[in-house]
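Number of protein chains: 2
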Amino acid sequence: MTYCVAIKVNEGLVFAADTRTSASVDDVRTYNKLHVFEFPGERVFVLLTAGNLATTQTVLAQLQRDMAGPAPQNLKTLRHMYDVAEYLGQLIVRVRREALAAAASNSTVDFGTTLILGGQIQGEEPALYLVYPEGNHISSSPETPFLQVGELKYGKPILDRVIRPPLSLEDAARCALVSLDSTMKSNLSVGPPLDVAIVPRNALRITHKLRLDLDTPYYARLREAWGQQLASAFRNLPRFEWEPPTLPLQQAAQAPPHPTQQQGQQQ
Amino acid sequence: MTYCVAIKVNEGLVFAADTRTSASVDDVRTYNKLHVFEFPGERVFVLLTAGNLATTQTVLAQLQRDMAGPAPQNLKTLRHMYDVAEYLGQLIVRVRREALAAAASNSTVDFGTTLILGGQIQGEEPALYLVYPEGNHISSSPETPFLQVGELKYGKPILDRVIRPPLSLEDAARCALVSLDSTMKSNLSVGPPLDVAIVPRNALRITHKLRLDLDTPYYARLREAWGQQLASAFRNLPRFEWEPPTLPLQQAAQAPPHPTQQQGQQQ
Numbered sequence: 001m002t003y004c005v006a007i008k009v010n011e012g013l014v015f016a017a018d019t020r021t022s023a024s025v026d027d028v029r030t031y032n033k034l035h036v037f038e039f040p041g042e043r044v045f046v047l048l049t050a051g052n053l054a055t056t057q058t059v060l061a062q063l064q065r066d067m068a069g070p071a072p073q074n075l076k077t078l079r080h081m082y083d084v085a086e087y088l089g090q091l092i093v094r095v096r097r098e099a100l101a102a103a104a105s106n107s108t109v110d111f112g113t114t115l116i117l118g119g120q121i122q123g124e125e126p127a128l129y130l131v132y133p134e135g136n137h138i139s140s141s142p143e144t145p146f147l148q149v150g151e152l153k154y155g156k157p158i159l160d161r162v163i164r165p166p167l168s169l170e171d172a173a174r175c176a177l178v179s180l181d182s183t184m185k186s187n188l189s190v191g192p193p194l195d196v197a198i199v200p201r202n203a204l205r206i207t208h209k210l211r212l213d214l215d216t217p218y219y220a221r222l223r224e225a226w227g228q229q230l231a232s233a234f235r236n237l238p239r240f241e242w243e244p245p246t247l248p249l250q251q252a253a254q255a256p257p258h259p260t261q262q263q264g265q266q267q
Numbered sequence: 001m002t003y004c005v006a007i008k009v010n011e012g013l014v015f016a017a018d019t020r021t022s023a024s025v026d027d028v029r030t031y032n033k034l035h036v037f038e039f040p041g042e043r044v045f046v047l048l049t050a051g052n053l054a055t056t057q058t059v060l061a062q063l064q065r066d067m068a069g070p071a072p073q074n075l076k077t078l079r080h081m082y083d084v085a086e087y088l089g090q091l092i093v094r095v096r097r098e099a100l101a102a103a104a105s106n107s108t109v110d111f112g113t114t115l116i117l118g119g120q121i122q123g124e125e126p127a128l129y130l131v132y133p134e135g136n137h138i139s140s141s142p143e144t145p146f147l148q149v150g151e152l153k154y155g156k157p158i159l160d161r162v163i164r165p166p167l168s169l170e171d172a173a174r175c176a177l178v179s180l181d182s183t184m185k186s187n188l189s190v191g192p193p194l195d196v197a198i199v200p201r202n203a204l205r206i207t208h209k210l211r212l213d214l215d216t217p218y219y220a221r222l223r224e225a226w227g228q229q230l231a232s233a234f235r236n237l238p239r240f241e242w243e244p245p246t247l248p249l250q251q252a253a254q255a256p257p258h259p260t261q262q263q264g265q266q267q
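These protein sequence lines map, in sequence, to chains G and E. Counting from 1, one number per residue, gives the positions in the first sequence under my numbering. Counting from 1, one number per residue, gives the positions in the second sequence under my numbering.
Hints may be right or wrong, so weigh each one.
Which copy? The list can't say, so a pair holds if one copy fits it or any two copies do.
As the list claims (entries may be wrong) - Restricting the straight-line Cα-Cα distance to at most 16 Å, the calculated cross-link-like pairs of lysine to aspartate or glutamate (EDC-like) are:
hint, residue 1, residue 2
1, Lys76, Glu241
2, Lys185, Glu143
3, Lys209, Glu241
4, Lys185, Asp160
5, Lys209, Glu243
These are computed hints drawn from the structure, not numbers from a lab.
Generate the whole structure from the sequences, applying the supplied hints.
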């Protein structure tokens, strides 16, 4: 399985993905799911991939082949982000159809793949698209500023609460990491290391690309801080009317934690 | 859809459930999914239900009929919590089979229902069981102190972080409410009001049963506090190395929030 998320804020785009793939629970591997196509100063694309890994790899190879060969439509030549989403949709449908045709007729393998495309072409707005295995696509919007693929439910509540267009790129990236971290804690099919890429509006390049493992200092600090902050947030929730009264929130934050509650926050 | 959670801590049992049922998006109703069978001083059972509502209602009616009539096996007579889980499993399989037999042969309706059974019989430990539509069941354990049915993924991360056997009943109930609240924010098929029941170890009765709507004062305060606490937790996360340095956590909590970050925390 997989979990990838892409966020569009006013300042630009943020992408984050795990790297765990599993054909079954005893066939678990690590693969990059965040793919960069960068033509600095002209155009930049990031693809996040979920689904059949063979289809994904064939699609990525074809994207390179189209750029190297005589194909009139490729990532270097297409005029608009919308056209790139169209092109990718047609490509994943074609690769899937060819894989189905080549397979034994009774194969039940799902050859589909789902993509998130994000990026910017010079002269255009930054854009995010979710391209379905059927080839059609939807874009993000101010009301829906993030798109997810894969195991998306565990990490959605924090995105729903935090992500708004005025957020800074760094806050959006932190929120994506918290969303991935919560997912990894609750679902073994999503796993480290994590990849993050940041594409500021009009930079027309990736300004920050990080690979974060559990022991990468920043990610280790972030996980520890989030665990502590959540425990403290939980400790400060209002008490039921039949419980002994407690201090107001501001004072409680400075008081020693309630002994019974603290026991429950062992991680 | 539905989301129900039951938690077993050292002090006893906590149950929580939403009340939204939907046959389709334009057929949404409110039904109680938390059912109490209480024989104070002798035995107490709570059932949480998810799945086909007609099957659930038939099962509940049959439970009452078995207690009123000559059935040798019923909630008043069964000796062990395990036997009650067995009895419920057999009952939901029978009701499902009868519904299937009565339906047109090409019906594709899923008549299955999934139950969480919790409670205590005098002289026994409190116990929690998840009874599958196939009639088999699993129990909770110290390593798996909570059981969920329905739309369980959104609300699982906070349970995974917080729920441990030494937690107080009230903290377990608060955590269940936060888990339900996060689910309702991210998924329209789970909705208010919420039901909560608390069964302390050896009380052999429900000591607290709450129905909480969005405007019930305690739940309104809890939701507001959790939103604020989460926003503050997010604000206190460590910054990327390329960001301007910030104050240490303790000082930052007392300092005015960072202006860029504050924008992102509009709810």
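Against the structure, the hints:
{"no.": "1", "hint": "Lys76 - Glu241", "in the structure": "neither (64 Å within a copy, 33 Å between copies)"}
{"no.": "2", "hint": "Lys185 - Glu143", "in the structure": "between (28 Å within a copy, 15 Å between copies)"}
{"no.": "3", "hint": "Lys209 - Glu241", "in the structure": "between (49 Å within a copy, 13 Å between copies)"}
{"no.": "4", "hint": "Lys185 - Asp160", "in the structure": "between (19 Å within a copy, 7 Å between copies)"}
{"no.": "5", "hint": "Lys209 - Glu243", "in the structure": "between (49 Å within a copy, 15 Å between copies)"}
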